[in-house]
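Engineer: Sequence:
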Amino acid sequence: MITEVGRVVAVDQGCLWVETIQRSTCESCSAEKGCGQSLVAKWGGKTSFIRVLLDGRDASQYHLHDTVKIGIPEEVVARGSMLVYLTPLMALMAGVFMAESFNLSEGGVIVSALAGLLVGGGGVRWHSYRHRDDRRVQPVLMDGVEPVSWCPR
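Quick note on my numbering: the sequence shown kicks off at 9 and runs consecutively.
For the record, the hints were derived by calculation from the structure and aren't laboratory data. None of these values were measured; they are calculated from a predicted model. Cβ atoms here follow ideal geometry from the backbone N, Cα and C, with glycine treated the same way. All clues given are correct.
No more than 16 Å apart at the CA atoms, straight line, and that leaves these computed lysine to aspartate or glutamate pairs for EDC-like: (1) Lys77 to Asp63; (2) Lys77 to Glu12; (3) Lys77 to Glu27; (4) Lys77 to Asp151.
Computed beta-carbon distance windows for the label pairs: (5) Thr75 to Val145: 21 to 29 Å; (6) Phe110 to Val17: 47 to 55 Å; (7) Ala18 to His139: 20 to 28 Å; (8) Tyr137 to Gly116: 29 to 37 Å; (9) Gln21 to Met106: 44 to 52 Å; (10) Val85 to Gln21: 21 to 29 Å; (11) Phe105 to Gly64: 46 to 54 Å.
Starting from the given sequences, assemble the full structure and let the hints guide the process.
Structural biologist: Dropping the structure here:
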(Lines of atoms letter the chains of each structure in order from A and count residues from 1; the text may use other names and numbers.)
(Lines give C-alpha, C1' and ligand atoms only; values in the text may rest on other atoms or scores of the structure.)
Protein backbone atom coordinates (compact mmCIF):
# COMPACT_ATOMS: atom_id res chain seq x y z
CA MET A 1 0.00 0.00 0.00
CA ILE A 2 1.39 3.38 -1.01
CA THR A 3 0.50 5.94 1.65
CA GLU A 4 0.49 9.71 1.65
CA VAL A 5 -0.41 12.30 4.28
CA GLY A 6 -2.66 15.15 3.22
CA ARG A 7 -4.79 18.00 4.46
CA VAL A 8 -8.58 18.07 4.12
CA VAL A 9 -9.61 21.04 1.96
CA ALA A 10 -13.30 20.16 1.53
CA VAL A 11 -15.84 17.77 3.00
CA ASP A 12 -18.52 16.74 0.50
CA GLN A 13 -21.31 14.26 0.85
CA GLY A 14 -19.68 10.84 0.66
CA CYS A 15 -16.13 12.05 0.07
CA LEU A 16 -13.26 14.24 1.22
CA TRP A 17 -11.06 16.41 -0.95
CA VAL A 18 -7.49 16.03 0.28
CA GLU A 19 -4.54 18.22 -0.72
CA THR A 20 -1.28 16.31 -0.93
CA ILE A 21 2.30 17.06 -1.84
CA GLN A 22 3.79 14.01 -3.49
CA ARG A 23 6.84 12.97 -1.49
CA SER A 24 6.25 9.31 -0.61
CA THR A 25 7.43 7.96 -3.94
CA CYS A 26 10.91 9.43 -3.40
CA GLU A 27 11.38 7.51 -0.16
CA SER A 28 10.72 4.14 -1.78
CA CYS A 29 12.54 4.70 -5.08
CA SER A 30 15.99 3.21 -5.62
CA ALA A 31 17.20 6.32 -7.48
CA GLU A 32 16.32 8.52 -4.47
CA LYS A 33 18.07 11.85 -5.08
CA GLY A 34 19.14 11.02 -8.63
CA CYS A 35 15.95 12.12 -10.37
CA GLY A 36 14.09 15.36 -10.91
CA GLN A 37 11.05 14.31 -8.87
CA SER A 38 13.09 14.47 -5.67
CA LEU A 39 14.27 17.98 -6.49
CA VAL A 40 10.77 19.19 -7.35
CA ALA A 41 9.35 17.70 -4.13
CA LYS A 42 12.11 19.31 -2.10
CA TRP A 43 11.46 22.77 -3.59
CA GLY A 44 7.79 22.77 -2.77
CA GLY A 45 6.41 19.70 -4.45
CA LYS A 46 3.43 19.41 -6.72
CA THR A 47 0.19 20.03 -4.91
CA SER A 48 -2.68 17.86 -6.01
CA PHE A 49 -6.25 17.44 -4.84
CA ILE A 50 -7.45 13.88 -4.38
CA ARG A 51 -11.05 12.77 -3.95
CA VAL A 52 -11.23 10.16 -1.17
CA LEU A 53 -14.49 8.28 -0.69
CA LEU A 54 -15.72 8.11 2.90
CA ASP A 55 -17.02 4.57 2.31
CA GLY A 56 -19.68 4.71 5.01
CA ARG A 57 -17.76 6.87 7.47
CA ASP A 58 -19.51 9.80 9.10
CA ALA A 59 -18.54 13.03 7.33
CA SER A 60 -18.94 15.01 10.57
CA GLN A 61 -15.77 13.32 11.91
CA TYR A 62 -13.66 15.28 9.41
CA HIS A 63 -13.11 19.03 9.34
CA LEU A 64 -11.25 21.47 7.13
CA HIS A 65 -7.47 21.44 7.60
CA ASP A 66 -7.50 18.04 9.35
CA THR A 67 -4.49 15.90 8.53
CA VAL A 68 -5.42 12.47 7.17
CA LYS A 69 -3.44 9.51 5.91
CA ILE A 70 -4.60 8.00 2.63
CA GLY A 71 -3.41 4.91 0.81
CA ILE A 72 -3.77 3.14 -2.50
CA PRO A 73 -2.66 -0.41 -3.36
CA GLU A 74 0.49 -0.74 -5.49
CA GLU A 75 -1.40 -2.93 -7.96
CA VAL A 76 -3.84 -0.10 -8.70
CA VAL A 77 -0.95 2.30 -9.36
CA ALA A 78 0.81 -0.20 -11.63
CA ARG A 79 -2.33 -1.03 -13.63
CA GLY A 80 -3.26 2.63 -13.88
CA SER A 81 0.20 3.53 -15.17
CA MET A 82 0.03 0.79 -17.77
CA LEU A 83 -3.39 2.00 -18.89
CA VAL A 84 -2.42 5.67 -19.06
CA TYR A 85 0.85 5.15 -20.93
CA LEU A 86 0.25 2.08 -23.08
CA THR A 87 -3.28 2.71 -24.36
CA PRO A 88 -2.47 5.93 -26.28
CA LEU A 89 0.81 4.44 -27.49
CA MET A 90 -0.87 1.28 -28.78
CA ALA A 91 -3.61 3.35 -30.45
CA LEU A 92 -0.93 5.51 -32.09
CA MET A 93 0.79 2.39 -33.42
CA ALA A 94 -2.54 1.00 -34.64
CA GLY A 95 -3.10 4.26 -36.53
CA VAL A 96 0.34 3.96 -38.14
CA PHE A 97 -0.22 0.34 -39.17
CA MET A 98 -3.66 1.11 -40.58
CA ALA A 99 -2.26 4.01 -42.62
CA GLU A 100 0.58 1.82 -43.87
CA SER A 101 -1.85 -0.93 -44.88
CA PHE A 102 -3.75 1.59 -47.02
CA ASN A 103 -0.46 2.79 -48.55
CA LEU A 104 -1.04 6.38 -47.46
CA SER A 105 1.61 9.04 -47.94
CA GLU A 106 3.88 10.14 -45.09
CA GLY A 107 1.49 12.97 -44.23
CA GLY A 108 -1.39 10.52 -44.08
CA VAL A 109 0.58 8.26 -41.77
CA ILE A 110 1.34 11.21 -39.46
CA VAL A 111 -2.30 12.31 -39.39
CA SER A 112 -3.42 8.73 -38.78
CA ALA A 113 -0.89 8.34 -35.95
CA LEU A 114 -2.09 11.56 -34.30
CA ALA A 115 -5.70 10.44 -34.71
CA GLY A 116 -4.82 7.13 -33.05
CA LEU A 117 -3.11 8.98 -30.21
CA LEU A 118 -6.20 11.13 -29.67
CA VAL A 119 -8.49 8.09 -29.77
CA GLY A 120 -6.25 6.34 -27.21
CA GLY A 121 -6.27 9.41 -24.96
CA GLY A 122 -10.04 9.60 -25.30
CA GLY A 123 -10.27 5.94 -24.36
CA VAL A 124 -8.24 6.57 -21.21
CA ARG A 125 -10.44 9.55 -20.36
CA TRP A 126 -13.60 7.48 -20.90
CA HIS A 127 -12.24 4.64 -18.74
CA SER A 128 -11.32 7.10 -15.99
CA TYR A 129 -14.79 8.66 -16.07
CA ARG A 130 -16.47 5.26 -16.07
CA HIS A 131 -14.52 4.06 -13.02
CA ARG A 132 -14.49 7.30 -11.00
CA ASP A 133 -16.71 5.78 -8.28
CA ASP A 134 -15.23 2.27 -8.38
CA ARG A 135 -14.07 1.62 -4.82
CA ARG A 136 -11.37 -0.80 -6.00
CA VAL A 137 -9.38 2.00 -7.64
CA GLN A 138 -9.99 4.80 -5.14
CA PRO A 139 -7.64 5.95 -2.39
CA VAL A 140 -8.77 4.84 1.06
CA LEU A 141 -8.54 6.53 4.43
CA MET A 142 -5.93 4.93 6.67
CA ASP A 143 -7.11 6.60 9.88
CA GLY A 144 -8.28 3.48 11.69
CA VAL A 145 -11.87 4.74 11.94
CA GLU A 146 -14.25 1.96 11.01
CA PRO A 147 -16.97 2.70 8.46
CA VAL A 148 -20.44 3.12 9.93
CA SER A 149 -22.66 0.13 9.18
CA TRP A 150 -26.31 1.02 9.13
CA CYS A 151 -29.48 -0.21 7.55
CA PRO A 152 -32.28 2.22 6.68
CA ARG A 153 -35.59 1.29 8.26
